[in-house]
Amino acid sequence: MIEVQQLRRSFGPIIAVDGISFSAAKGEVVGFLGPNGAGKSTAMKMLACFLRPDDGTASICGRDILSDPIGVRQALGYLAENAPAYNEMTVAGFLHFVCDARRIVRSDRRKALDRVVSLCAIESVYHQTIDTLSKGYRRRVGLAQALIHDPPVLILDEPTDGLDPNQKHEVRRLISAMAKDKCIIISTHILEEVEQVCNRAIIVARGRILADSTPKELTEKYQCSLTEVFRKITTTKKSA
Amino acid sequence: MSGFWAVFKRELKGYFTTPVAYVFLVIFLFFSGYLPFRDGFFEMRQADLRLFFNALPLLFVFMVPSAAMRLWAEERKTGSIELLLTLPITVCQAVLGKFFAAWCFLAIALLLTFPLPMTVVYLGQPDIGQIVTGYIGALLLAGGFLAIGMFFSALTKNQVISFILSVVACAIFVFAGNPTTLDYLALTISPAMVNVVESLSLQTHFESISRGVVEFKDMAYFIIVISAWVSACIVVLEERKAN
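Chains as they are written, first to last, in our numbering: chain A, 1 to 240; chain B, 1 to 243.
Quick caveat, the hints were computed from the structure, so don't treat them as lab data.
Just so you know, these numbers come straight off a predicted model, no measurement behind them.
Errors might be hidden in some of the hints.
[Said to hold, decoys possible] Taking lysine-lysine and the DSSO-like style, the derived pairs with C-alpha atoms no more than 27 Å apart in a straight line are:
#1 A/K135 to B/K157
#2 A/K111 to B/K9
#3 A/K135 to B/K77
#4 B/K77 to B/K217
#5 A/K135 to B/K13
#6 A/K182 to A/K216
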């Protein structure tokens, strides 16, 4: 479902993503791990066709990010870091706007709204302006926006950041529930989350993939917890 | 087209769900009434809107950039540009959607100046055709300034910088056609160049239309100016949307 080939992007002298390649299939929940500034968000932005890669390409559901960006965006649900939204709009207005943009109309819209509103548990804030929402609710609204068209591929940039433990649990449960029918990539700093929801972990640092395996294999290989594995991989390779 | 309509609808509603529209309309309507009266609207004893249309370019230099400055700068600042441009909407659809929504908003502001033409119709027998062409010219002038304002809004995250740059650019386009500027330029550059400067000014073409003469060259001028600045905005966003 996702094929990434030698994706590369730099900002001036800084190489953010340095030729990463991987593929992911339906049913996989890929945890994209790495220290701050490792290039996770840049890679995700390129997959969501927000940033153009300097080199390399990727395809999502057989659609190329360079030649068919609109097709890619149709097949993709994307939650950006910090879950940006239009603050002056109500949650209802915002979701209707996303439906307009995604051409979800009439009864389909009703069904889609009912589904995501209960899935993301945002009934209580449905008529509130986004400006007045807590961080947790904002993120859930962002998630609802990404799920509204029931996409086959989901890319979620730090989906549980800023949520309280209960909300984190809910989001993880949601991701696990959707996992078998979709291909999901999540970026996160929280390693316990990877162990709970991901069946594959890609560790990235300085724009390169340093490890690509299941969380279980990683812990068995290095004979320590995933946190230790993360520290070992990202610090030794950095200093090398 | 669904992308265009989605953006258009959201943007136009956005003006009225925030205080932006109301603050803008109150100030615009106050000055669009005040300026003609200050210049002797009644004392002229002429049933026309010449003084109103004369005041518009200067008023638009400040007012239109204030309506345009948020268009992209705000999207960049709040990060919502990342949401907008990862929906199945092209940059072109998003830019046009925003442009026409803002233009529509300015058209509403212009329509709300209706008490002025009603006053002259009540007091005398004005040339209705001239008033209509005046409004068409005003709408095109607003479109030109809006396209300039939107371009500068796409350049920066900061609305204040966007506003100041747009005001300066719009002022240059207005004052290039000012007789004082042209007289001064005539001292330093050749008459042919003075003509070029004059024909590039928005004011010259607006005056020509507001006098009641709708000529192809004036219409073409506004269409070219609007298309050029809107296209430049699309190019800038394509290149720098994530910076």
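Checked hints:
| no. | hint | verdict |
| --- | --- | --- |
| 1 | A/K135 to B/K157 | holds (23 Å) |
| 2 | A/K111 to B/K9 | holds (22 Å) |
| 3 | A/K135 to B/K77 | holds (18 Å) |
| 4 | B/K77 to B/K217 | violated (39 Å) |
| 5 | A/K135 to B/K13 | holds (25 Å) |
| 6 | A/K182 to A/K216 | holds (21 Å) |
Checked against the numbered hints listed earlier, the structure breaks hint 4 alone; every other hint is satisfied.
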